[in-house]
Structures are given as C-alpha cells and as structure tokens.
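Student: The listed protein sequences correspond, in order, to chains A and B.
Taking our numbering, I'd label the letters of the first sequence as residues 1 to 597.
Taking our numbering, I'd label the letters of the second sequence as residues 598 to 1194.
Treat the hints as calculated values from the structure; they're not laboratory data.
Warning: the hint list may mix true and false statements.
To be verified - Cross-link-like lysine to aspartate or glutamate pairs, in silico, DMTMM-like; alpha carbons within 25 Å at most:
| hint | chain 1 | residue 1 | chain 2 | residue 2 |
| --- | --- | --- | --- | --- |
| 1 | B | Lys-1179 | A | Asp-351 |
| 2 | A | Lys-146 | B | Asp-763 |
| 3 | A | Lys-420 | A | Glu-447 |
| 4 | A | Lys-592 | B | Glu-1183 |
| 5 | B | Lys-962 | B | Asp-902 |
| 6 | A | Lys-72 | B | Asp-763 |
| 7 | A | Lys-72 | B | Glu-1099 |
| 8 | B | Lys-1189 | A | Glu-578 |
| 9 | B | Lys-1179 | A | Glu-553 |
| 10 | B | Lys-793 | A | Asp-585 |
| 11 | B | Lys-1102 | A | Glu-578 |
| 12 | B | Lys-1179 | A | Glu-63 |
| 13 | A | Lys-125 | A | Asp-515 |
| 14 | B | Lys-703 | A | Glu-229 |
| 15 | A | Lys-582 | B | Glu-1087 |
| 16 | B | Lys-951 | B | Asp-763 |
| 17 | B | Lys-1027 | B | Glu-1149 |
| 18 | B | Lys-793 | A | Asp-515 |
| 19 | A | Lys-596 | A | Glu-229 |
There are 2 protein chains.
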Amino acid sequence: MSEELFSQRTTTCGSLTKADDGARVILNGWVHRNRNHGSVHFINLRDRYGITQVVVDDDADEELEAAANSLKLEFCIAVTGVVRKRPAEMVNPEMKTGEIEVKAEKIEILSTCPALPFQIDDGLKTKEDLRLKYRYLDLRSQGMQKRLKLRHDFILSIRNYLSARDFLEIETPTMIKSTPEGARDFLVPSRHYPGKFYALPQSPQLYKQILMVGGMDKYFQIARCYRDEDARGDRQLEFTQLDLEMSFVKRDDVLSLMEGLFGHVFKEVMDYDLPATFRRLTYADAMNTYGSDKPDLRFGVEIKDVADLAAKSSFSTFKEIIGKGGFVKAVCAPHSETVDFSRKYITSLEDAAKVYGAHGLAWMKVGENKSLSGGVSKFFEGMEDEVIERMGAAEGDMILLVAHQDWKRCCTSLSAVRNKLGKDLNLIRKGFEFCWIIDFPLFEYNEEGGFWEAAHHMFSMPQQEYLDTLESDPGRVLGDLYDLVLNGYEVASGSIRIHDVELQKRIFRICNFDDETAEQRFGFLLNAFRYSPPPHGGIAPGIDRMVMIMAEETSIHEVIAFPKNTAAVSPMDDSPSEVDQKQLDELHLIVKYPEKP
Amino acid sequence: MSEELFSQRTTTCGSLTKADDGARVILNGWVHRNRNHGSVHFINLRDRYGITQVVVDDDADEELEAAANSLKLEFCIAVTGVVRKRPAEMVNPEMKTGEIEVKAEKIEILSTCPALPFQIDDGLKTKEDLRLKYRYLDLRSQGMQKRLKLRHDFILSIRNYLSARDFLEIETPTMIKSTPEGARDFLVPSRHYPGKFYALPQSPQLYKQILMVGGMDKYFQIARCYRDEDARGDRQLEFTQLDLEMSFVKRDDVLSLMEGLFGHVFKEVMDYDLPATFRRLTYADAMNTYGSDKPDLRFGVEIKDVADLAAKSSFSTFKEIIGKGGFVKAVCAPHSETVDFSRKYITSLEDAAKVYGAHGLAWMKVGENKSLSGGVSKFFEGMEDEVIERMGAAEGDMILLVAHQDWKRCCTSLSAVRNKLGKDLNLIRKGFEFCWIIDFPLFEYNEEGGFWEAAHHMFSMPQQEYLDTLESDPGRVLGDLYDLVLNGYEVASGSIRIHDVELQKRIFRICNFDDETAEQRFGFLLNAFRYSPPPHGGIAPGIDRMVMIMAEETSIHEVIAFPKNTAAVSPMDDSPSEVDQKQLDELHLIVKYPEKP
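Next up, chain A with everything else stripped away, as it sits in the complex (with noise of 0.2 Å):
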C-alpha cells in the first residue's frame, strides 16, 4: 500500500491557544482570508474546527515564498509550522485560536480553487439557486456548518432520550405498497413485474401501527418520507420526522412523552429551559383566542368576542351579520412608538385579513381618558368603557374589527391581523414558545367533493361520546387528535389510533372508502386489525421544521444538505433528469409527453 504524499494534520484549526506556543503543528485547510504585508503573508486556514492565523514570515525561504505567492482563497493547504503567541497588540479576543498564530515552515498546497461564484460567507443575500447549485462551496459556510452540527445534535439528543425509555428505532420499508390519500404518492417502478409500482412513503403510519401489532410497544423511528405535492414555498419533496408510537397509553401518556424530550433535548442542545409542561388549547379555544391552531404565543393581542357590545352598537352592518347568527371579533393593537396607525398602515391590516376572508377591517381609536375616535367609533357612543374595558386597551392603541358569517373565516382574518401586528409593531419575544392544541373536529366537509373527509387522517380514534353518532352528525364529532405548536408553526401532529376493525370500516366508510376500495387499499391492516391490536397512539414531529425554528431562521433549505429547489429541482446535480432509453425498457414504461399548447 503506498500513502498519498501530503503532511496530515496534527490537530485542527480550531484548538491551538497559549498553552501549544513552540509546538510542532501540521494543519490542513482552506485558504479563509489571504493579507500580504509586503514580505509578510498573514493566511487565515479555516476547517470545521475554527480558524487559525498562519504567518509567513519575512524569513522565509525562496520555496515557502513561492507557495505563499501562488495562495488563493479557498486553496486546500497543508500547513508546517510552530505555534507562537502573537504579540499582544495582535490578540483577537473574537477569536478561539486568537491569542495564537502559526509561523508557517512549509505550505503544500493540495488542491487549487478558481474564482469563487459567490463569496463563502454568511448573511450574504446570494440568489438561492446559485448556493445550490454550487452547494459543496455553500457547505463551507459557519452558518451551514452551525446548522447541521445543530440537526445532528438535535436527532442524536433525541435518539439518547427515547432510547434510554425503552423505545427501539425499528427501520420500515420505503417501497411499500401505495396507499394514496391525501397527498399524491411517489411511484417506483418495478422491473419484475410490468406495470406494478413500489410507493415512496407519505409516512411510516400503517407500518407503525403495524409494529404495536406485533408487540414492540414503543417504537420510534427518524424516518425519510415522501410527498409528490404541488411546489409550495418550503415544501420539500422529501422530508425527515420523528415517527413515533406508543401501545397501551392515553393521548396525556403521548402529551408526557413529549414535554419530556423536547425540555430534555432543548436544554442539552441549546441550554435553554422549556417549562415542565406545555399550555393546552382545545381547538374551539385556539381559533376563538388566537384565530388559529397555530397560535404564536410569543405575544399577546387576543382575539375577544365582541358580538354583544356590537349589536348594541349603531353599526348596522355588525347588526346585521349578527342578526343572521354571525361573528363580531376584535384585537388591540398596542401604541407603538415606531409604527403610526396612518390609514395607509391600517390598509395594510385590512388586507392581511382579507386574504382569509373578511370583507373588512373596522377600526377605532383610542384616546385620553378612555374617549375612541374614528374609524366605526362614533356606532359605539356612549360604550367606550365597555369597550376599553373588553379589549384592555389604553390610550394610543387602537381596536380592529372583523365581523362574518362564518366563525373560522372571522378568526383567521383576525390571527392574520394579529400576526402582522406582532411582527409590525416587534411584540415577539424571543425564545420558544410551545402549545398544544387539542379536541379537533375529525371531520372537515369536503365542499367541492361533496363528502367528509379526515381531517387528520383516518386512522384517528374518535372520542368516546361521539361513537353514536358518527354517521348522523359527523361534523361535531372531535377525535383525540393533538397538534405540537412551536412559535406559530405546526410542529407535530398526533392521536390515539383506533384498533378495532369494525370502527376503522365506519370511518372508511364515511370518508367515502367503501369496503371494497378499503379492503383493496387497506387491506393489510384491516388484517392486522384482526389479530388483537393493542390500543395505542402516537405522533409525528417534523424535524426539517423544528430544526429550522431552533435555528432562527424561515425556511428549511436551511437546515437540509442537499434540498430541492421550489421547482423541485437539484441545481447542483440537475435531478430529476433523462434517462436511458435501456432503462425505461428494463421498467416496460413509455413516456407520454403532454401535447405542446
């Protein structure tokens, strides 16, 4: 065997301090930073580690000149030399190696760079495709660095916990048998038999509640699944959660679970304190407080009913809509000392809350001592202090209004008003705020379709007391499903599962699967179903997302090595792409390109 001929590392570039000075070091790495003070070379030699100051010095020899010459940024560099401490004046507290430099006695240089497409730093607003095109060079970004080293910290953390409570991570298969509901399913042709397909999977559930089926009781996995959804902003076409599932327990058993790991797993990644137990809101509390089920509660401005003060208002259009059994809901908006509530400002809410919805935004002011002008203030003369006093406002605020119809549209059109609010107006604290929301409706209406279907999925238990009347009154049956919100974002979802074949088919049925398309498509664990299940539940974080949220940042291709584009393309590798003409033959497939318009 023969060894590649360069000087390999003695340590890294991020260790040497004080303690190292006169020692003998050999470091490898790329060329950071590059000054050349006349005859002086000051190169900052930057790996995972850290960066180290390499001083070529005005004595050094014709060879060592030479290669210190030829430097450009990102060379990869073997560097010989002896630690010294730098001269006082030169220590860089910033830095971890700042109290040192390394006086280069030979550099070799490994591999050559040419002109860099974007410079390798971070908060640089580089066009996304063109950081992923040129990924490997992107990777070499601390940002980068930092986030992965976090998602590594952060599955591992994870791993450790569940681990140490008896849970086994079981690995299920990943072409499996397609199972569409919601989502479309990626297709793998088989080369064996013409015309049958493996699917990717949308998540490991039937498997899952396979495993409790045979016994293994607690079982996680950090598992790759797969979504062939139409491009939306962060969506990527594979994704990485947390599956988990628990045989015997209650959905609070789940809810524990999972208070207890994250507080485990964000203290010893991040030092930071969660507390002991997660705030709870059932959905019907969320939508009416927070206009949603993924409130953010890093801020207040709450959502109150004001249907009764409304009606006894002037205001007949609120009289109106709450003469036909309709919604009248408002939040404060805090006096803020750098945003003026100008109507240009208030314009700007009232679209925010149309997108969701509301033909409107109705606003009044508030004053000294307890006085509100304009807006729809003058309806509510003579009720300024009810009014004050419902919304807890104080003079510079001002209230928004959103009357509807329809309770769910009047709460989204006021949580967008409020979202806007608290970044607006910079109400958001820092830090994490978790909430669970629970008690959701198991069926939505389908409108277009004309049929209910789950809102969840269909493998969700529903409560007890709606056993009777799930086919009667559907619309009002909740399940004991339970959602994980982190700082306004989904972050999990999850129920108890049913275990029982004949309310499984009720379900299917309902959601419009008759027993022949359910035994055809879910047949398998209807079978399963047959041979004593255990009950059980589970839940499923995202990881992309929390790792995303835990790192400060909006959008997964953050926290992700290699993602698609939005277009669902790799700029870096060109997937997907042609392939062989031999190999479509090999999977008995013909393409059959769309006409052109």
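Fit chain B to the supplied structure of chain A, relying on the hints for placement.
Tutor: Same frame as chain A, but now just chain B:
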C-alpha cells in the same frame, strides 16, 4: 377529550419480583399460554418486556371466571390483580418473574384474535412467506423482538461512538440523479417534468464526497440504499449501511477508526471483546492462504502451495499444468472423530471444488509413521516427509490437492473445500473474527464486454506507484482499497478516494466512460472537484449483514422488520401492486406489457 375505557398498565410483564409481594398492579399484554386446571386458570401474560403468570383462583366471581373462560391464545387483555409469591415448588428460576404470580381480580379483553396461522414461537420452521404475510404475528416472537432490539442497540452504539469523535450525521437526499454503473437504479418518475426521473441512491457515495468538498470533514449516516438487482438469495431492494467519510486521512486512519468503533460496539452491545487491531491480509495473501478475499478465520486449514513438490512428483497431470505455468495447491483435512474420509465424502468435497472451476480434487491420506496412502499418494513415493511437513499433517489427516492453470480458480476451488471442511468437521470456533483485506486490484477485466472496469467503484485512488502505468497496465494496478471481513462475510468496503479532476477522468476513460458520458453522468462531481477538494476516504459497513452475523443468523430477513421475500414482494401488503390509471396519467406514463411468450 375522552379517555378510552381500559385499565392502563401500572407496570410491565417483565418487572415484578418478590419485592412486589402484595402490590396491586395492572398488566397489559397478550395471552401467551392459557392452562385450565379444574377451576384454576393459569394465564401467561406476555409483553415486550417478559411474561408474568396470572392466576384466576377458584374463588373468582362469576364475571372474572367468565372472562377467564373466554380467553384464547393471543387475546390482548388488561389484568388487574395482586402480586403474590409463588409457593416454593412453583418458583420458576428460568423466568425473570418466576418467583411471583398475579392473582387476578379483573380481566378486560382489549381485543380478540382468531385461530393463529402459525404458532408464535421461535425455531419453528414456518414457511417464510407465511411469516412475512403475518409479520405482525411473527414480530411477537421472542426471537424477532430480541433481534430488532440488538439492531437498535448496535446502531445507537455506532452513532454515539462516532458522534463523540466529531462525526456529524448528515442526511443526504434519496431522490437524486440517476448515475447507474454496476447495478441498476430504481427510478421515480417526476410528475412535473414529463420524461424526467429521480433515482433512489445505490449509496450516498457522490454526496458524501461532495460533503467533503463542502468541508464537513467527518461525516456518517445510517443510510438507506437501493439496488434494482435480480432477486438473489439474501438481497433486499433496500438495505441499510453505515456510510462514512473523512477528510485529510490516509488508509490506516479509516482502519483504526473502524477497529475502535467495532471494538467499542461489540463490547457495549454484546459484552464481547474484540482485539485492539484486526489482522490485515493483502488480497494476494488472502487468496493464497484461504482461497478467498473474505476468509473465515474462525478455523485454520490453510492452503499451501505445493507446486514445487508436485513438479518433483511422478504425477503427469500435475507436472503438465506446472509446465504450462499453472498452480498446484493443497489443504490438509484434520482427522475427525465424526466424519469418515470415505470415497463418497471425498466426492462431495470434489463437487464443491468443481463449482469454482477445479477439474478434479486429488487426495492422499496420512497414515502411521509418516506414510501416505490412497489417491495420488503413489506419485509422491519417497517424498512423504516433505509433503507431510509442508502440509503440517498428522496421522489420520487427509491432504486434498487442486491443480489449475488459473491462479484464482486454483485458490477459490480450494476455498470451497476449506469452507466445507470447516463446517463438516466442526472446526469453526464460536465468536467473531474480523480481518482486513487490503491492496486489491483497482480494475477487473470484463471478459464479455472486452474492457476494464472498476473492481470496487470508479472513485477509488490507485496506489501512487501505479499512477504512471494506469493505462498501459491496468491489470497490475493496486488501489487504496480495503474490505472488512467478519466470519467469512464481507461486511464493509472502502477506499481512499480520488480528489483530482484529471485523475478521475483518466479512471473514467479506462472504465470505458468517454469524457462526454462522464460529464453527463458525473459532471456535478467533477465540478465539485474543481473547487479544492480535500484528500478524503471512507468506508461503508452493511448494517443488515453485520447484525445478522451478530445474531448468529444466516438470513438478513431475520434482522429486518418488514423484508421483501426473495421474489422482491411483500406478502403482507402485496407490494409492488397495480396503481390507479389516474396516477399513471399524472406521471405521463404508459405501461408496455411484454408480449406473452
């Protein structure tokens, strides 16, 4: 929220001891055994943690008695009762809970079970497809539960060991560009881009090399990999490997890391001591000594070169082969108490040798006072001492010889004889014997195609001394390749990689990939290599196979929760299966069914 109505366990079926005498407990589990002694019922209740004996005494009330009477094997139940010590004569020291039993007060049936398709027990020779169809029942067996736990422990131990040594686990994409070389890629049609496909990765090879270019320095991943190979014995469409890559390393760094890793993991998971370093054999030595590049070192029976002796003998067949530059090698079968070296047995050894190309298997037996008898012994008259000394043979042993024109066939034929002797003569020690095979040839000649191809893969570094003769004498080039072998199985394969665009292109060209094809297939790797890649290398141990060996099984199906059968089908969910026409239409695909023959 409503709670489902069942009594939830207060402990598991594997926990109770004498110390719990008198405690009221609830257990949840499955009826493992159910004996009825007159009016007393003994129910062995099982969960993942163990088995507890539940007793329904003759003082049971009507309801309890009725419940006990209705129980059948594998019913899922909740038992409320009181722990009591067993009478001394009933203590079962084989059971963790053998000192106690639970006197039942209440039994709830959580779910029922029809007659079982097979008995849930280990060692039963149930037909595999039946086990796989009802995998949820098979998973309830102690064996499957133990093996999946072993797999979990093994993988977790690996993760923690590597993470403590600065490795980051980074998830690479599984929907990538198709770059088939050896095996076929599985393809995933794109809905958005008619005629374009993603591929499932055969391994994260290119992405992990690109991570090195991205400065990630030390990477690993427990990675799902996919190969569309023809069904063959123990192959799975998807399998799991520990994928690992390091920057700035030489071969021995990777080898030492693996020795440390598996030393730690075998100790932690199985309390098994491995040596601090594993034996290293060059490919040439492994072939000459064991006839195989994955030798089982748990027994001796080494191959000896006897060409010089054969040349001096009077056996014209041997002399002829040697005269033409061929080879004569031999092994010594040690005297056995159980196996008679009959003609029939020798023929069975010969048959094994012939599979690998031997024309025949010559033999002679070692008698008293260093005598040789039978077979070809008469040709070695006068050379008995020399032959016996060379072979290290003793009275009762048998010497088996193969002569062949081709070195590899001579070696592998004797390897087959050696392996059969190992099994038949019970020579194989218990335990785990690792070794490294190094200094592999970089290229293999494809006789059919008439070109050279990579013996391992095209990204491996040739050893330095062959850099000038790559093109002129590819057959002689050794690579910086290494295989890890355990108990006669190849369990990992790795290499130092090429990190130079020009060298990489030379390899592509030798392997029959012209520059244009190489650019089209591997352009993104070549692009990355233009931007200062570090020297790097890695390895990829196969998880399924390693766990199989650790579990002393001979099929990887035993250590995978939901394997496909040998026909690449899942008997449980019937995948692959037909899909809706709508799904095919959306993917722009038409199936071209082959004509019936």
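Student: For every hint, state whether the structure bears it out.
Tutor: Against the structure, the hints:
1. Distance check on the hinted pair: B/Lys-1179 and A/Asp-351 sit about 39 Å apart at the alpha-carbon level, beyond 25 Å; violated.
2. With a CA separation close to 13 Å, the supplied pair A/Lys-146 and B/Asp-763 stays within the 25 Å bound.
3. About 29 Å separates the Cα atoms of A/Lys-420 and A/Glu-447, which puts this hinted pair outside 25 Å; it is violated.
4. A threshold of 25 Å between alpha carbons decides the hint, and for A/Lys-592 with B/Glu-1183 the separation of about 10 Å falls inside it, so the pair holds.
5. Pair hint B/Lys-962 plus B/Asp-902 holds up; C-alpha atoms about 18 Å apart against a cutoff of 25 Å.
6. The suggested pairing of A/Lys-72 with B/Asp-763 is violated, with an alpha-carbon distance near 28 Å, which exceeds 25 Å.
7. At most 25 Å may separate the alpha-carbon atoms for a hinted pair to count; A/Lys-72 and B/Glu-1099 meet this at roughly 20 Å.
8. Simply put, B/Lys-1189 and A/Glu-578 have alpha-carbon atoms about 19 Å apart, close enough for the 25 Å limit, and the pair holds.
9. Among the hinted pairs, B/Lys-1179 with A/Glu-553 is inconsistent with the structure: their alpha-carbon atoms are about 38 Å apart, more than 25 Å.
10. Of the pairs offered as hints, the one joining B/Lys-793 and A/Asp-585 holds, with about 14 Å between alpha carbons and a cut-off of 25 Å not exceeded.
11. Between B/Lys-1102 and A/Glu-578, the direct Cα distance comes to roughly 23 Å. Compliance with the 25 Å bound is thereby established for this hinted pair.
12. Of the pairs offered as hints, the one joining B/Lys-1179 and A/Glu-63 is violated, with about 69 Å between alpha carbons and a cut-off of 25 Å exceeded.
13. At most 25 Å may separate the alpha-carbon atoms for a hinted pair to count; A/Lys-125 and A/Asp-515 exceed this at roughly 54 Å.
14. Note on B/Lys-703 and A/Glu-229: the hinted pairing is violated, with a Cα-Cα distance of about 50 Å set against a maximum of 25 Å.
15. Annotation: proposed proximity of A/Lys-582 to B/Glu-1087 is violated, straight-line Cα distance about 31 Å (limit 25 Å).
16. Restraint check for B/Lys-951 and B/Asp-763: the C-alpha separation of about 50 Å exceeds 25 Å, so the hint is violated.
17. For the hint pairing B/Lys-1027 with B/Glu-1149, the CA-to-CA distance comes to about 10 Å; that is within 25 Å, so the pair holds.
18. For the hint linking B/Lys-793 to A/Asp-515, the alpha-carbon distance of about 36 Å lies beyond 25 Å, and the restraint is violated.
19. A threshold of 25 Å between alpha carbons decides the hint, and for A/Lys-596 with A/Glu-229 the separation of about 23 Å falls inside it, so the pair holds.
When the structure is compared with the earlier hints, violations turn up for hints 1, 3, 6, 9, 12, 13, 14, 15, 16, 18 and for no others.
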